[in-house]
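Undergrad: The lines below spell out each chain.
2 protein chains.
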Amino acid sequence: MASSSSLVQPSVRLPSKTPSVRRFALVGRTNQSPLRLNPIRISVSASHRTRLDVQASSAPPMMEEATSGSRSSTVVDVDLGNRSYPIYIGSGLLDEHDLLQRHVSGKQVLVVTNTTVAPLYLDKVIKALTDGKPNVTVESVILPDGEKYKDMDTLMKVFDKAIKTRLDRKCTFVALGGGVIGDMCGFAAAAFLRGVNFIQIPTTLMAQVDSSVGGKTGVNHPLGKNLIGAFYQPQCVLIDTDTLNTLPDRELASGIAEVVKYGLIRDAEFFEWQEKNMQALLSRDPSALAYAIKRSCENKAEVVSLDEKESGLRATLNLGHTFGHAIETGFGYGQWLHGEAVAAGTVMAVDMSYRLGWIDDTIVKRVLNILQKAKLPTTPPDMMTVEKFESLMAVDKKVADGLLRLILLKGPLGNCVFTGDYDRKALKETLHAFCKF
Amino acid sequence: MASSSSLVQPSVRLPSKTPSVRRFALVGRTNQSPLRLNPIRISVSASHRTRLDVQASSAPPMMEEATSGSRSSTVVDVDLGNRSYPIYIGSGLLDEHDLLQRHVSGKQVLVVTNTTVAPLYLDKVIKALTDGKPNVTVESVILPDGEKYKDMDTLMKVFDKAIKTRLDRKCTFVALGGGVIGDMCGFAAAAFLRGVNFIQIPTTLMAQVDSSVGGKTGVNHPLGKNLIGAFYQPQCVLIDTDTLNTLPDRELASGIAEVVKYGLIRDAEFFEWQEKNMQALLSRDPSALAYAIKRSCENKAEVVSLDEKESGLRATLNLGHTFGHAIETGFGYGQWLHGEAVAAGTVMAVDMSYRLGWIDDTIVKRVLNILQKAKLPTTPPDMMTVEKFESLMAVDKKVADGLLRLILLKGPLGNCVFTGDYDRKALKETLHAFCKF
Ligand SMILES: NC(=O)c1ccc[n+]([C@@H]2O[C@H](COP(=O)([O-])OP(=O)(O)OC[C@H]3O[C@@H](n4cnc5c(N)ncnc54)[C@H](O)[C@@H]3O)[C@@H](O)[C@H]2O)c1
Ligand SMILES: NC(=O)c1ccc[n+]([C@@H]2O[C@H](COP(=O)([O-])OP(=O)(O)OC[C@H]3O[C@@H](n4cnc5c(N)ncnc54)[C@H](O)[C@@H]3O)[C@@H](O)[C@H]2O)c1
Ligand SMILES: [Zn+2]
Ligand SMILES: [Zn+2]
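Chains as they are written, first to last, in this note's numbering: chain W, 1 to 437; chain U, 1 to 437.
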């Protein structure tokens, strides 16, 4: 816990590939990064404590805006050798034009966004990209909004635009939107001319705490989610927390499901912080949001640096997702939000962990409790039968040679395993406990 | 020249990333490879010399089948760190079942081939994959034949099959066919579940000397060739030279255009060998073919190890291709074979090099001569106008920030440059010299 109770961001860098590293020391190199601007000072300020209801002395400090300079931001670095990149987190970052511009190398930019986000933020982003840069031309492609358009046909519209406007290898693709836009734009950038520069500007909480970080990109196939894609890392991720002000409540809660996940799989202290600060998050307290985003990105960045291609550790980020994906596919894409399905899936994974005797029942209760507080579903929709779960889970990407491996909690809060070595009976029992048929 | 005049394959390994390395010493590590079988002994045998018309004492030795063991093969290694892989070259290698099997890691295989190649070799390949392996299941997807099907719609058929047969992350995709199948299957393997194992079994000379090596994969867009794809390396490339026995003459000649290319850009000695042995190649002399394939793969492997992502050096493999791609697109995909377009494009690039004063006229004549011997076209089709060339060349992948860079010969035979720094007048003159309008 040393790193989180000190007054400045930790700058210790652990060697990459140390599989047992747990905390976020690895990624906090704000002090060294040549790219940082106005790095946030982290301190326990009385006013924040009160406002955010942070009572326990073991709770990590809240963020406070740096008093110098105009805006504040914090930088989390994703450590991937020569493909490393910074995540900028802060309020008003879209007005820091220099931030984006330093990551655009060529003269041509293609912004990929959708019909909902374009009217809200496209002009702002175009301005940020072109301000003082007469040589930079920005094109945009505005896709229809929704998970059901996350497919190859819609992706082709991005290629059409890129080719018709004669973008070359030095161009930069910018994803402006939630996880759907980020995943599609990332895959388009990976495949266009076999790979061009790419920047993420995530505008949902889901995308800010999860999908924009780590390089997983792709589209859905009618028979399953994210089955076609690439590992492709962006040049940077720019998170302007102000964009969350326009986000619907349900979407905000969806992102919180992934925040809860980080606590459960590897960061008990963060989970405890969330238990105390859920109300602040739901009421969009900027400091609480910024802290939750930063800590989530740190957790994800560390996991990704240790296991970019998901040979093991990275799979733990899929807690609740095997059940959740089955719900999304079975119920029909877009019926439930991703985080909603993950929330119900998480409760199922936790239930199964308990049936296996791997965790005690207080954890089960705390998980149920925090997700209910966030107004997230804790059971699958009625139409999900045991059979439906079983057949849909069989096409999960984590099946290897016919064996379904799952992420399950084991031990004290903050510990999990990714394993195919569990009693099938427990899985059956969980499915029967949660399904009507 | 030290490496090619010795009697055994060179085993010197130069450090990666030495940009000025020229010969193929880097890749010839047959003696060290744990994967080799019956490595070929290379020796200058009198009988071969006579038969193949190798007269000059400076000419490299011909291959000779190893007398021990049942079959002979040679191995060229592509050195890409932890993504290195072997290229097996030899006659009858599809009957060496162990060769393929050692590179299949999971229990599921998907063979991607087409309607022409399937009746010829699919059974043989399925047998090679399953012989003595009751646990391995092989599915196949047979695509329509032709460059015009190298598109996203056809690619989706591969994903459909893979998903319907529930292939998982440990499965292996096998490309059985020419460059079209190799490029598509490779991209499908790169994108399916964000990347699965992949093996190349190239069955055209074009694919054996060029497209199966180096990891460039992809599909065409209606507005341009290979605009969507990935860099993705196979587990191995298996070249059974016997498959060339069923290849039409025109296809054989098309592959020879790429063989000539290696000589021109970096291997003068190989070019001289070709001048003397073109007749043997055209009459499909197995030793001549095996030697030309091996030497081509060595050249390509070395370039690729030094510059996998084409930041510079690798672009030189595109000699004649900027003009050639314009011909392919302008004339319509499939009118001319790739190598035919490249042959005409090479003559144009050489002509332009001469106009710039970068090479002397004997090189121009020798290039014309060798391509005519191979019965390849040396001028673009009549319908290609100066205007058509200019507008199509503007969308070439080698355009960066609006500047068209070209591969041009410069200096003695075997030397080239990749540059945007040339007199535009020479390009104009070449276009006018080769186009009727
Ligand atoms: N790549 C990864 O590692 C990863 C991880 C998690 C999730 N995902 C993917 O992310 C997707 C879900 O992402 P999501 O939850 O962001 O969904 P989303 O992209 O569909 O966005 C949700 C909705 O919010 C709208 N929106 C976005 N920003 C807004 C804003 N600032 N104000 C108002 N409305 C806004 C969108 O237009 C959309 O209607 C799924 O496809 C999932 O597979 C990927
Ligand atoms: N990836 C790369 O680095 C790279 C390099 C060069 C070319 N290419 C691509 O390769 C493609 C051209 O490859 P190609 O010339 O092999 O064309 P191709 O794949 O279309 O094959 C040519 C023809 O020969 C047939 N054929 C294949 N093997 C045969 C056999 N053994 N016997 C009889 N018929 C056989 C095919 O069915 C086809 O009709 C182009 O799409 C080009 O863009 C890629
Ligand atoms: Zn998720
Ligand atoms: Zn070629």
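There may be inaccurate statements among the hints.
The list treats identical chains as interchangeable, and a pair is accepted whether it falls inside one copy or across any two copies.
[Unchecked claim] Pairs of lysine-lysine residues, derived as BS3-like cross-links and limited to a Cα-Cα distance of at most 30 Å, are as follows: (1) Lys127 <-> Lys410; (2) Lys373 <-> Lys107; (3) Lys410 <-> Lys388; (4) Lys133 <-> Lys410; (5) Lys309 <-> Lys164; (6) Lys428 <-> Lys124; (7) Lys410 <-> Lys124.
Hints were generated in silico from the structure; no laboratory data involved.
Undergrad: Indicate, hint by hint, whether the structure satisfies it.
TA: Hint by hint, here is what the structure shows:
Neither within a single protomer nor between protomers do Lys127 and Lys410 lie at most 30 Å apart by alpha-carbon distance, with minima of 49 Å and 45 Å respectively. Proximity of Lys373 and Lys107 under a CA criterion of 30 Å is satisfied in neither setting, with 47 Å inside one chain copy and 45 Å between copies. Taking CA atoms no more than 30 Å apart as the test, Lys410 paired with Lys388 passes inside one copy only; the shortest distance there is 27 Å, against 66 Å between copies. Proximity of Lys133 to Lys410 under the C-alpha cut-off of 30 Å is found in neither arrangement, the shortest distances being 53 Å within a copy and 38 Å between copies.
Only between protomers do Lys309 and Lys164 lie at most 30 Å apart by alpha-carbon distance; the minimum there is 24 Å, versus 33 Å within a single protomer. Proximity of Lys428 and Lys124 under a CA criterion of 30 Å is satisfied in neither setting, with 51 Å inside one chain copy and 43 Å between copies. When the C-alpha separation of Lys410 and Lys124 is checked against a cutoff of 30 Å, the pair qualifies neither within a copy, at 46 Å, nor between copies, at 49 Å.
When the structure is compared with the earlier hints, violations turn up for hints 1, 2, 4, 6 and 7 and for no others.
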